[in-house]
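Colleague: Residue-level listing of the chains:
There are 2 protein chains.
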Amino acid sequence: MFRTLSAAALLAAASPLAAQVHRSPLVDPKVAALRDSALQDQYAWDIAEGLTTEVGPRLAGTEAEARARAWAVKKLTALGFSNVRVESFDLPVWVRGRESAEILAPFPQPLVVAALGNSGSSGPGGVSAEVVAFDSVDALKAAPDGTVRGRIVFVDHAMPANQDGSGYGQFGAPRRQGPTIASQKGAVGIVVRSIGTDRHRNPHTGAQEFSDGARPIPAGALSNPDADQLLRILKRGQPVTMKLVLESRTFAGQSGNVIAEVPGRDPSLPPVLVSGHLDSWDQGTGAVDDGAGVAIAAAAAKRIMDSGRPLRTIRIVWFGAEEVGLVGGQDYRARHGKEPHYALLESDFGADKIWKVDSKLGTERKAEAEAIGKALAPLGIVTGSFTEADGSDIGPMLADGHPGVGLGQDGTRYFDLHHTPDDTLDKIDPVQLRQNVAAWTTVLAILSGPIEEPKRPKRR
Amino acid sequence: MFRTLSAAALLAAASPLAAQVHRSPLVDPKVAALRDSALQDQYAWDIAEGLTTEVGPRLAGTEAEARARAWAVKKLTALGFSNVRVESFDLPVWVRGRESAEILAPFPQPLVVAALGNSGSSGPGGVSAEVVAFDSVDALKAAPDGTVRGRIVFVDHAMPANQDGSGYGQFGAPRRQGPTIASQKGAVGIVVRSIGTDRHRNPHTGAQEFSDGARPIPAGALSNPDADQLLRILKRGQPVTMKLVLESRTFAGQSGNVIAEVPGRDPSLPPVLVSGHLDSWDQGTGAVDDGAGVAIAAAAAKRIMDSGRPLRTIRIVWFGAEEVGLVGGQDYRARHGKEPHYALLESDFGADKIWKVDSKLGTERKAEAEAIGKALAPLGIVTGSFTEADGSDIGPMLADGHPGVGLGQDGTRYFDLHHTPDDTLDKIDPVQLRQNVAAWTTVLAILSGPIEEPKRPKRR
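Residue numbers (our numbering), protein chains in the order written: chain S, 118 to 577; chain F, 118 to 577.
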């Protein structure tokens, strides 16, 4: 709807109050106008709502993820992007089956469990054994094999909720390392406290891989209230036995990255890559992880396209198969990792407000990085590092030396929802989503270079 | 631990600050002292923690509820109560089996569903049909049979969260009436929006009965996010088909009320009945519904007993089989309904702070009702009606004309948890739980009459 409006017209259309506030001379007025008008964005909501409603869950490599790619191609084409295409790749697929956990003694009762990615299958009969508990992966590592052999391991942790999401790496160790260590010590199964910060009966799934030759064993996550309950039962001091049923199966499948572009005026210049991931875990509808991310990236690119033609090409990538090991990012890197990119960006931390911008554009582009910070400040965004940026799928390419910008979302409630059935559309706050789009539009407007306004019919 | 301390000694032991605040002369100092010391209560937490940990879920008529009665008898005996006994009764039992809901077209995806009590069993193959949606039971009632026949009905509503819990009656109509009406109009199944106020993927179960000769059909509740999703899908305007699997079975079982007493000095006087219900729904551990209630009632009685001997007998009743139709209350009424009771009280609305006291003691006991209000005011409790009181199991006896007192808990978040897997111990706030115990202890101290302090050994 802004296609025929110039940035100047948008500025003039701003509220009377805004007109009375003198703006920073350090921010390009066209950039500021694009930023402010994006606070009324509807594109991102429409994408997130459409994807989560019309496709729903879309686990990597499944038929549902294939439907998501078809949906994405149709949607990106309808939005008017160019060069819409899928780059496909093969991958092994793991899907969950029936799952349950049950205390057999001393206090018989069900617990709520979800299998972790790549869990071994228990078969329909499950495994039953005494539970041996550890407060950390370090405690599990230190245990003699005899303490673990033939038992079901439980690993606890105390993950906090933090604005910057810090702790997911450290406190996620039980999920990532626990199953392999438990298997190597002869455990018949493992349950970990969910890597999450909520208190609902929704376990947090997530990827893990049996490495170093460890035999796959059933590996699940208990919800936080169930982990609390198991601890209370253990503290009674009697032997605790558990039955764990975690069925699953694996097969060879296919995924792909969906790519679309806003062609730049100078195709010889390296593109600006903006991204999120299209796949989701299977229990929610992947709204905050990462329906919001693909929506924000595409909405910002759409807003630039609506306002005119940028100098540099903007390349939207909706990665496939991120959750199961950044497979889409690896495929993109294998195909395009040697090509220059002007900057890499990825939105994959929900839809709550962006509070910090980090960048890694190099010392020769410090002024550009500073300009980004100045332009974002009115959105309540602090300027962070000039030497780092991050992203999940783009992480390896950033590590290779490609430049990037990181827009950090408030993660305080992110790990309440992450990898659970509760990751649904209602958890996206439309107002905060728009702040995200405004921040991305701002950064894109700067990185993609001066936008040439479309020719308009003369006024009558 | 207060057994050998007099109320006066407790008062003297209060904090220095409290000693500097002049108290209302309208409140008996012994009552005030019992009230204030109850703010340090540990009994209620221990009961709620023990019951939910060592028994867990305890559906009416099941082996788990029988274990809960055995646990209750042991606990009430250990606490020193007298005449601990079980009054047993028979009842038909319904238990859930496998359950799932799935959109088959136009956007295939799973939805989260839970069977309602007494749902018909779909069998393992489930039922598949087009969905027909109504915004209310009234809309369903008004529909021609032809609109409903052969279809799966969905009934929506817009239940709000209110401090006094109002709305559960009105907005619970889809659960209570929907299945019967849908069946009578020829529906093959029904799903209702959960009668709940949260936004988690936890459906709210609850009782319903097929009446007026209606054939049982599969009847379930979708979680609120799933009801939202179904509405979004319906609004796309294409026919929506759903597969609904709700297996269940029924059998003849037994339940019972667990009763214990603090004997009064005058056994000829009518008892004060304090109660909650021991059974719970099957998916949570029945912490707020109603582990907290039985804990609060017994803790308050224990505190009176610890302080001396009341004039009137305090009778604790932990009702069985409340959730499935107030069966325990009906049994108690059949056995004891003709006997005089000095007052009936029941705690069955969670563990958040009590904000209002209502009573129905009769005009000749207005002064007693006013004294209760004065004594509760320092706990932040407003005095409400003098002509009404309520309670679930005790409701029919109150309607018969028995006197009662109602201590109203803050229900703002109650229907976030009610009848869901999320009803677990962590949802009980220990500080608010103690305020409940303080209020109940206060009311019991007044209703059970002057407490005679135990004889103590002379000071050396």
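One should not assume that every hint holds.
All copies of an identical chain are treated as equivalent in the list; a pair is satisfied when it fits inside any one copy or across any two copies.
What the hints assert, rightly or not - Distance condition first, Cα-Cα at most 20 Å in a straight line; then the derived SDA-like pairs of lysine to any residue:
id	residue 1	residue 2
1	K147	S199
2	K258	T179
3	K483	V210
4	K360	R215
5	K455	S217
6	K352	W188
7	K352	D543
8	K191	R353
9	K191	P223
10	K572	G286
11	K483	S199
12	K491	L208
13	K360	G214
14	K191	P380
15	K352	Q226
16	K352	W162
17	K191	G566
18	K491	E247
Source of the hints: derived by calculation from the structure; they are not laboratory data.
Colleague: Hints broken by the structure, by number, lowest first?
Modeller: Structure breaks hints 1, 2, 3, 5, 10, 11, 12, 17 and 18.
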